[in-house]
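Read left to right, the sequence shown gives residues 1034 to 1220 (the numbering used here).
Among the hints, a few may not be true.
Ranges of calculated distance between the beta carbons of each label pair, as one might list FRET restraints [to be verified]:
| # | residue 1 | residue 2 | range |
| --- | --- | --- | --- |
| 1 | Thr1160 | Ala1084 | 29 to 37 Å |
| 2 | Arg1136 | Ile1100 | 38 to 46 Å |
| 3 | Leu1130 | Tyr1163 | 50 to 58 Å |
| 4 | Ala1097 | Lys1135 | 17 to 25 Å |
Mimicking EDC-like on lysine to aspartate or glutamate, the simulated pairs with C-alpha atoms at most 16 Å apart in a straight line are [said to hold, decoys possible]:
| # | residue 1 | residue 2 |
| --- | --- | --- |
| 5 | Lys1127 | Asp1079 |
| 6 | Lys1135 | Glu1080 |
| 7 | Lys1133 | Glu1080 |
| 8 | Lys1054 | Glu1207 |
| 9 | Lys1082 | Glu1204 |
| 10 | Lys1135 | Glu1204 |
| 11 | Lys1181 | Asp1051 |
| 12 | Lys1181 | Asp1057 |
| 13 | Lys1133 | Glu1207 |
No lab work stands behind these hints, which were simulated from the structure alone.
Note that the coordinates shown come from a computational prediction; the quantities given were computed from them, not determined experimentally.
From the three backbone atoms N, C-alpha and C, an ideal C-beta is built for every residue, glycine too.
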Amino acid sequence: MSEVSLHGREIASGRSADRIKVWDPLVRIFHWSLVALFTFSFLTGDEWKSAHILSGYAIGILLAIRIVWGLVGTHHARFVSFIYSPRTILTFLKDSLSMKAKRYVGHNPAGGAMVILLIAMISGIVTTGYMMTTDTFWGIEWVEDVHKALVYSTLGLIILHVAGVVLASIEHRENLARAMVTGWKRR
1034 MSEVSLHGRE IASGRSADRI KVWDPLVRIF HWSLVALFTF SFLTGDEWKS
1084 AHILSGYAIG ILLAIRIVWG LVGTHHARFV SFIYSPRTIL TFLKDSLSMK
1134 AKRYVGHNPA GGAMVILLIA MISGIVTTGY MMTTDTFWGI EWVEDVHKAL
1184 VYSTLGLIIL HVAGVVLASI EHRENLARAM VTGWKRR
């Protein structure tokens, strides 16, 4: 499907002008690859050490790519497009709970905060996981404890993230999960 730029708006032939390409392929591939690798890493843990470690390295590479893309990528992928003040985030969350939140084409304030939190937490998981493979930190209990605490805290954030996606999808009558597959949202 070919895309045509019209005054900075991307419109694909065969799609109506009320749709906009929001999530570029790199963001979508990053997102779903991270979902798969995090799940794989969680399920393998102590059971399949070598695969778990390789998955951790893959996650680290994904994070590095996403951080660079967050600085130089497409508009909606850039961190500056979805980092909001704490007041804006709290107001958005309050409005969301009363089903009166403003709709955003890209990440809403809560979604943007979640992206930053998840990147930070998963970076901590990757870092402590790597530390456990080194001679210096191998067998050091606090490193493993921090690693596990970060993993389980991240699982809690993932649950909140999915709940937020479901809530926003209902509130704004759009399938946000589908948008992260196709890249398209309504204007």
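Hints versus structure:
1. Thr1160 x Ala1084: 29 to 37 Å: violated (19 Å)
2. Arg1136 x Ile1100: 38 to 46 Å: violated (27 Å)
3. Leu1130 x Tyr1163: 50 to 58 Å: violated (39 Å)
4. Ala1097 x Lys1135: 17 to 25 Å: violated (33 Å)
5. Lys1127 x Asp1079: violated (40 Å)
6. Lys1135 x Glu1080: The hint is violated at about 45 Å.
7. Lys1133 x Glu1080: violated (46 Å)
8. Lys1054 x Glu1207: Between Lys1054 and Glu1207 the Cα gap is close to 14 Å, so the pair holds against 16 Å.
9. Lys1082 x Glu1204: Answer violated: Lys1082 to Glu1204 is near 42 Å, above 16 Å.
10. Lys1135 x Glu1204: At roughly 10 Å apart (the allowed maximum being 16 Å), Glu1204 and Lys1135 satisfy the hint.
11. Lys1181 x Asp1051: Not OK: Lys1181 and Asp1051 at ~45 Å, beyond 16 Å, violated.
12. Lys1181 x Asp1057: Violated - the C-alpha atoms of Asp1057 and Lys1181 are around 32 Å apart, more than 16 Å.
13. Lys1133 x Glu1207: Distance ~15 Å between Lys1133 and Glu1207 Cα, so the pair holds.
Hint compliance for this structure: hints 1, 2, 3, 4, 5, 6, 7, 9, 11, 12 are not met, and every other hint is.
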